[in-house]
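**Student:** Residue strings, one per chain:
There are 2 protein chains.
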Amino acid sequence: MSTVPRTIRIHPDDNVAVVVNDGGLPTGTTLPGGPTLVQAVPQGHKVALNDLPAGTPVRRYNVVIGHTAVDIPAGGWVNGQRLVMPEARSFENLPAPQPPADLSPLDGHSFRGYRNADGSVGTRNLLAVTTTVQCVSGVLEFAVERIKKELLPLYPNVDGVVGLTHSYGCGVAIDAPDAVIPIRTVRNLATNPNFGGEVMVLSLGCEKLQPERLLPPGSIPISDEHQGPDIVCLQDEKHIGFMSMIDSILTQAKSHLERLNARQRETCPVSELVVGVQCGGSDAFSGVTANPAVGFATDLLVRAGATVMFSENTEVRDAVDQLTRRAATQAVADAIVHELAWYDAYLARGQADRSANTTPGNKKGGLSNIVEKAMGSIVKSGNGPIHGVIGPGEKVKKKGLIFAATPASDFICGTLQLAAGMNLHVFTTGRGTPYGLAECPVIKVATRNDLARRWHDLMDINAGRIASGEASIEELGWELFHRMLAVASGEKTWAERWGLHNDLVLFNPAPVT
Amino acid sequence: MSTVPRTIRIHPDDNVAVVVNDGGLPTGTTLPGGPTLVQAVPQGHKVALNDLPAGTPVRRYNVVIGHTAVDIPAGGWVNGQRLVMPEARSFENLPAPQPPADLSPLDGHSFRGYRNADGSVGTRNLLAVTTTVQCVSGVLEFAVERIKKELLPLYPNVDGVVGLTHSYGCGVAIDAPDAVIPIRTVRNLATNPNFGGEVMVLSLGCEKLQPERLLPPGSIPISDEHQGPDIVCLQDEKHIGFMSMIDSILTQAKSHLERLNARQRETCPVSELVVGVQCGGSDAFSGVTANPAVGFATDLLVRAGATVMFSENTEVRDAVDQLTRRAATQAVADAIVHELAWYDAYLARGQADRSANTTPGNKKGGLSNIVEKAMGSIVKSGNGPIHGVIGPGEKVKKKGLIFAATPASDFICGTLQLAAGMNLHVFTTGRGTPYGLAECPVIKVATRNDLARRWHDLMDINAGRIASGEASIEELGWELFHRMLAVASGEKTWAERWGLHNDLVLFNPAPVT
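The listed protein sequences derive, respectively, from chains A and B. The numbering of the first sequence is numbering that gives the first Met the number 0, which starts it at 0 and goes up by one. The numbering of the second sequence is numbering that gives the first Met the number 0, which starts it at 0 and goes up by one.
Note that these hints are calculated values from the structure, not bench results. Some hints could be false.
If chains are identical, the list can't say which one is meant, so a pair holds when it fits in one copy or spans any two.
As the list claims (entries may be wrong) - Subject to a maximum C-alpha distance of 30 Å in a straight line, what follows is the list of computed DSSO-like cross-link-like pairs (lysine-lysine):
id: 1; residue 1: Lys-362; residue 2: Lys-237
id: 2; residue 1: Lys-237; residue 2: Lys-253
id: 3; residue 1: Lys-237; residue 2: Lys-363
id: 4; residue 1: Lys-148; residue 2: Lys-253
id: 5; residue 1: Lys-253; residue 2: Lys-394
Chain A with its partners taken away, still in its complex shape (with noise of 0.2 Å):
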């Protein structure tokens, strides 16, 4: 089989080109325009471009990935153990914001989702059941296995029943500093926006993270037909058996199911989204393919009038000048280095930095480093200023771009952008993840065709179709902001027709006990 090469160099300046081909290109290769390879060179990993003397800078995305660690001749394969990775990126004397002129407004479309009192709206339609302790997560699955035979069947408009679980609430140092935010994360969970402002509180009674330490005053809207969160206490004296508090649950959970029940989508304009948007299982693809074209949508967005967040600290560390340079005001610049400069800290006291960021799949997907990943990552936030920082587990307030301060792994940046009050997740992959979210919608784009081939019915959109030629950035991202809306009106995603989903994972950096 005669294999036409196909490589991309993202920048004129870059001195590598990454592979396209299906399972690489040979030794001899001659790339069009470019040098012979001079060893088998994988798909997603980068070839040298011209002679890269031992310290000659490795450019990828007009960035210095890295020096050369050994001489690597023209037709090279340049891979991380021949990288020598530059330090982290000081946070003196960083770029001043001068940000790029705000968006021009797009017009003209809309989603159908649920309104909601609190002023937010969902794109479904659930009724969640918050949890204070992981002490009541085996009494909450059989009761949420109770509702899900008896009780959804009568409620034909609700979308489902989600059990909130985590692994907080006991066991742990509640007054350390930190565990402000584990605490805010689940409560901020309680009323994201597609559980319709219904707060049901499932509580044991001993337990550390008590009803009202979660839920303060004030911390939940409320609707002139319900006033607070309603709480069943395990402990409470008036149950008798093990029935009588899963009829408690059961009892109170109707009334909830009878609200949300009489709820009907309406139309509703695109400024209501907030969109998380995250990768997973990178690959040297995603910085090419699948996150150009999510950034694309993100613009598209944000011009919208919608709320955008992006996140995975150590995965733009590495661009913190970018982010300062793109801030839309001064105050935004330093809280993007206060949420940076915080979690350096935070892995520094476990004897760690952002290089523990890469994966064995990253690095045999042809990412090098995470300054290579970081650069591929952060392209997902697309052109525009950025109008706002949030901490791990806040709520987001504001419409436009946000940098959602988070860790990197899926299933906490997952489990933070929805306690952020996300109501629809953009995910792409080059690897591969069954990632989904019960609370959420969760759309996954594929960085590759070979992905999007393999698992067509696990991967809503292949971005692999920009690296073939076959369509540009611009058009997957349009066709990527259609099907958003769609979802968001209601489409189901391929991890919700198999009922695929993570479990909840919070982020604690404060002690358990």
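Please build the complex by placing chain B on the supplied structure of chain A, with the hints as guidance.
**Tutor:** Just chain B, lined up with the frame of chain A:
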């Protein structure tokens, strides 16, 4: 309704006693041979037996649990607000080991268990699916449902299928020093005796915790029939479409189920039991009723040659001098101090200390502080010498009484005791918790009659009868011992009958990324 006032003074030198009566005792109640209450004292709370001017040492268990912060008259209520907690005992100048003589052997008892190729014995016959990373949990849940519906009915001798899902495996600083703890925990969970030596692994492919890192050669006992773990990798190129992944999992599950189904229970000596003892949702009765009964049973088990693990670092910290004195050797004493000192440092790193342990429920139940809680907690360990120490997530290899150093968090402690090789779990509670584990039977012991009455179908044993004078500690201890042998032989606990279990929750003191 007239009430006969009942209080318990643990040691003749104690200057406080604990109120036994349901609902507590009202002002004006005269205690038999003691003072008249000058205020109402709730059940489980302490009453001053003589005048305690501010600064007086308050003794319970003949240990100073604090000094009075205010003048408390005889008949007054002694609680956390009125006590100044002592500083943590320094690790300097601890008593040298003066272990009690080994307890006399106990013969003539056995149970019916499943013998494994590696010499361990299961009390249940479960198919477990180990996971390398959280990313696969949604797929595994889907597959487990299919296995339950389609395969388990064909293998009636298999007790169930358990997905060993967790929050680890990627998005973590896997090379940070403390990462050894979660990694060895997941590894050792895979070979819990209740899984019959059948190790089946579900991997994503690109995760940091690669299967060969999780289970390096030699980490799994190999029987003649099967060499090493079966691994299903979702990213494997042979998988075309989601159903091919599910088919792979089901196909591999079948061969394991065949072998598990062929096993039979056989008579085993008590020495094959590996028992984890734990308490959660404790009250002031924990140290008077349930925990002493467990301590008595611990001694019976150790006398019969079994392994008994007690745990919960912050709940033994204030009894460190008792522990070093009971250590069988200086090496054991040193290992105890090593683990507790490491844990002190871990807490300090997060700006917390042992006092973060006590919960609102503990305090409501009469436990004034962590010192009082610790003294009541440690009696679960009985009266024998301490034969060994293991770190969190390590496998226990010795018989006898073992200090398994873990956080006191119920679900983390349980997960770590499972990793240590626990095949039977005993859990005492005063406030009440529906705690259970999918991997191992949990016998729950209530500390109070009222809890045992209300939670009659969740609590397996009622130790409240000790406080009400209906049974002695010895009688309860023997009752528990016999119940343990019955449950180890297949009798179901309440948690098993309802199918209640907590999530596995790992102890990860290293950073996430």
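**Student:** It remains to establish, for every hint, whether it holds in the given structure.
**Tutor:** Now the hints, each set against the structure:
Taking the closest pair of Cα atoms, Lys-362 and Lys-237 come within 30 Å of each other only across two copies (21 Å); inside a single copy the shortest separation is 57 Å, beyond that limit. Taking identical chains as interchangeable, the C-alpha atoms of Lys-237 and Lys-253 lie at most 30 Å apart only when both belong to the same chain, with a minimum of 19 Å there against 46 Å between chains. Taking CA atoms no more than 30 Å apart as the test, Lys-237 paired with Lys-363 passes between copies only; the shortest distance there is 18 Å, against 58 Å inside one copy. Both within a single protomer and between protomers do Lys-148 and Lys-253 lie at most 30 Å apart by alpha-carbon distance, with minima of 13 Å and 29 Å respectively.
Within a single copy, Lys-253 and Lys-394 get their C-alpha atoms as close as 28 Å, which meets the 30 Å cut-off; across copies the closest is 46 Å, which misses it.
Every hint from the earlier list agrees with this structure, and none is contradicted.
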